[in-house]
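Using the sequences and the accompanying hints, generate a full structural model.
Protein chains in written order, with our numbering: chain A, 1 to 271; chain B, 1 to 294.
Incorrect hints may have been included.
Said to hold, decoys possible - For the chain A half of the interface with chain B, some residues (derived, Cβ under 8 angstroms), not all of them:
#  : residue
1  : Pro84
2  : Ile86
3  : Phe88
4  : Phe90
5  : Ala94
6  : Pro97
7  : Trp98
8  : Leu102
9  : Ala107
10 : Arg112
11 : Gln155
12 : Asn159
Claimed, not checked - Subject to a maximum C-alpha distance of 20 angstroms in a straight line, what follows is the list of computed SDA-like cross-link-like pairs (lysine to any residue):
#  : chain 1 : residue 1 : chain 2 : residue 2
13 : A       : Lys160    : A       : Gly131
14 : A       : Lys99     : B       : Trp199
15 : A       : Lys193    : A       : Pro9
16 : A       : Lys99     : B       : Gln29
17 : A       : Lys113    : B       : Lys198
Hints listed in this document are in silico derivations from the structure and should not be mistaken for laboratory results. Since the structure is predicted, the reported quantities are computational estimates derived from the model, not experimental observations. From the three backbone atoms N, C-alpha and C, an ideal C-beta is built for every residue, glycine too.
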Amino acid sequence: MLAQNSTVPAIELLHVNRRFLTPDGRSLTALRDFSMTVAPGEFAAVVGPTGCGKSTTLNLITGLNKPSGGEVHVMGQPVDGIDPRIGFVFQSDALFPWKSVLNNVMAGPLFRKVSKDSATEQAMDWIKRVGLNGFENHYPHQLSGGMRKRVALAQTFINKPEILLMDEPFSALDVQTRILMQDELLKLWSQDKASVVFVTHDLDEAIALADRVFVLTSGPATVKSVYEIDLPRPRLTAEIRYDQRFIELSRMIWNDLRDEVMISHGKERAA
Amino acid sequence: MTIDIVQNSSAMAHTATYKSDQQIEAAAQIAIASRRRKVVVYRLALLVLLLGGWEVAGRTGAIDPFFFAMPSQIAIRLWTWIVNGTSQGPLWFEVWVTMEEAIIGFLTGAVAGVLAGIALGRNQFAADVFSIYIRIANAIPRIVLAPIFIMAFGLGLPSKVAVAFVMVFFVVFANAFQGVREADRAMIANAQILGASKWDVTRSVVVPSALSWIFASLHVSFGFAIVGAVVGELLGSQHGIGQIIAIARGSFDSPGVFGGMVVLIVVAMLADYIMTAIEHRIVKWRPAPLSEQS
Numbered sequence: 001m002l003a004q005n006s007t008v009p010a011i012e013l014l015h016v017n018r019r020f021l022t023p024d025g026r027s028l029t030a031l032r033d034f035s036m037t038v039a040p041g042e043f044a045a046v047v048g049p050t051g052c053g054k055s056t057t058l059n060l061i062t063g064l065n066k067p068s069g070g071e072v073h074v075m076g077q078p079v080d081g082i083d084p085r086i087g088f089v090f091q092s093d094a095l096f097p098w099k100s101v102l103n104n105v106m107a108g109p110l111f112r113k114v115s116k117d118s119a120t121e122q123a124m125d126w127i128k129r130v131g132l133n134g135f136e137n138h139y140p141h142q143l144s145g146g147m148r149k150r151v152a153l154a155q156t157f158i159n160k161p162e163i164l165l166m167d168e169p170f171s172a173l174d175v176q177t178r179i180l181m182q183d184e185l186l187k188l189w190s191q192d193k194a195s196v197v198f199v200t201h202d203l204d205e206a207i208a209l210a211d212r213v214f215v216l217t218s219g220p221a222t223v224k225s226v227y228e229i230d231l232p233r234p235r236l237t238a239e240i241r242y243d244q245r246f247i248e249l250s251r252m253i254w255n256d257l258r259d260e261v262m263i264s265h266g267k268e269r270a271a
Numbered sequence: 001m002t003i004d005i006v007q008n009s010s011a012m013a014h015t016a017t018y019k020s021d022q023q024i025e026a027a028a029q030i031a032i033a034s035r036r037r038k039v040v041v042y043r044l045a046l047l048v049l050l051l052g053g054w055e056v057a058g059r060t061g062a063i064d065p066f067f068f069a070m071p072s073q074i075a076i077r078l079w080t081w082i083v084n085g086t087s088q089g090p091l092w093f094e095v096w097v098t099m100e101e102a103i104i105g106f107l108t109g110a111v112a113g114v115l116a117g118i119a120l121g122r123n124q125f126a127a128d129v130f131s132i133y134i135r136i137a138n139a140i141p142r143i144v145l146a147p148i149f150i151m152a153f154g155l156g157l158p159s160k161v162a163v164a165f166v167m168v169f170f171v172v173f174a175n176a177f178q179g180v181r182e183a184d185r186a187m188i189a190n191a192q193i194l195g196a197s198k199w200d201v202t203r204s205v206v207v208p209s210a211l212s213w214i215f216a217s218l219h220v221s222f223g224f225a226i227v228g229a230v231v232g233e234l235l236g237s238q239h240g241i242g243q244i245i246a247i248a249r250g251s252f253d254s255p256g257v258f259g260g261m262v263v264l265i266v267v268a269m270l271a272d273y274i275m276t277a278i279e280h281r282i283v284k285w286r287p288a289p290l291s292e293q294s
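What follows is the structure in structure tokens.
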């Protein structure tokens with residue numbers, strides 16, 4: 001079973017096309033001939049110019065959207081509906097503001113018909129793990145942005161996702177908090193080793209976190225190039241930025257990404 | 001920073017010698033308390049000025065007390081009602097009749113409005129089909145239905161409840177509908193991925209996020225329910241504040257008309273106060289609005 005699992009990719013997108021229909025019936029292509037494979041336990045980061053279709057790839061993996069062409073596989077099986085093995089951390093604040101921290105964190109287990117006692121116990125454990133003990137009965141509006149992100153991480157990790165999708169989760173945080181949260185994420189991830197797809201527009205963030213970085217073309221998006229990040233783990237994201245290899249990688253990938261950013265920028269100005 | 005502000009304000013100029021935070025805070029507390037007292041004093045002064053002006057204008061003949069009963073006459077009338085009862089029966093009974101009509105109409109209208117709003121808000125196609133009719137129904141001044149309800153349901157309780165119901169239903173419905181439509185997409189997606197079924201999403205995401213819209217409408221619509229009940233009574237009934245006002249109007253008794261209005265004001269403000277208290281208990285997750293902190 002284990003041997004078999006290690007050969008089957010956790011996530012596989014094969015020649016995927018994704019078109020959107022606008023409300024007035026026109027067709028927009030977000031992804032064209034998009035192929036990408038993520039191994040079990042691998043941390044993949046996806047970078048690309050704004051509006052190129054990065055988030056669309058995540059929605060296809062969750063099953064919230066269906067591809068217009070091509071195939072999407074999760075753990076070797078085609079995606080059909082929302083897969084319970086998937087966890088998702090959103091860019092915006094997707095916590096439930098009317099639930100306390102505890103009830104937010106235990107929402108997942110309760111939706112999944114876990115008994116209330118067991119859900120509470122797990123939730124308390126996760127709240128402790130993200131360093132929020134004592135805040136169980138606070139409401140989200142009483143917490144700082146970084147603390148709310150911690151709640152969101154606990155809310156996602158409590159379901160023990162084998163696949164973790166993250167859509168620019170830290171982009172709304174200030175720089176210092178963002179670095180703290182990146183380390184927090186690496187710590188949590190290293191315990192269970194889910195397969196991660198981390199979408200970001202911040203190249204440094206992608207390199208600091210990931211095993212591989214996928215650079216996308218400007219929309220319609222397809223994978224332009226893939227970079228192996230051979231920096232040793234465990235990594236400290238605050239320190240690794242000054243590593244010589246980090247700087248080399250950053251310069252190399254930016255050279256590649258810059259062209260796409262310029263194209264995307266040109267399109268925006270033309271529009 | 002705080003010290004600067006305190007020193008700059010002219011009223012506090014002599015506090016420049018204060019050193020500790022406690023002293024500055026104590027001074028600030030005193031300033032806040034005195035401002036509160038000032039507001040109360042000005043409010044009372046305004047009330048005395050208005051009522052006094054009205055009374056004087058009535059006594060000197062600047063306005064005709066036959067149409068605009070003087071505050072003293074209204075007060076005497078209210079006192080007689082409280083002590084001796086009204087022409088129709090004890091005052092509390094008349095108030096209760098109106099409140100019973102308003103409360104039943106309000107509860108049924110609110111429940112029906114919330115249910116219909118959520119059901120329709122969760123179904124995009126139904127929403128598209130019905131949206132034009134909802135706008136039409138909203139455009140009807142619903143109070144004109146009152147005579148029809150009196151004809152259909154008679155002079156008793158059911159006709160007033162029906163008027164209050166239509167007054168409440170559409171307001172609550174429109175707000176519940178809008179509240180459901182405004183539910184955050186990311187939040188719904190988050191719940192779905194966490195494992196929520198469609199019913200879970202409605203119950204634990206859509207309805208709570210619509211609640212603040214719904215509550216805003218409940219606040220307004222309880223007032224509408226009272227309006228509905230009173231208008232129903234004005235048009236035809238045996239009891240209730242509306243009936244008392246109608247009788248007073250029929251006998252050119254302006255203190256009676258104004259007295260009835262005062263009773264309605266007291267009742268409506270009490271209801272509003274109770275509603276606010278309930279709302280605070282239910283939506284305690286919301287940050288307190290800024291106005292309450294002043």
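Can you give the numbers of the hints that this structure goes against, from lowest to highest? As far as the earlier hints go, 8, 16 are violated by this structure, in ascending order.
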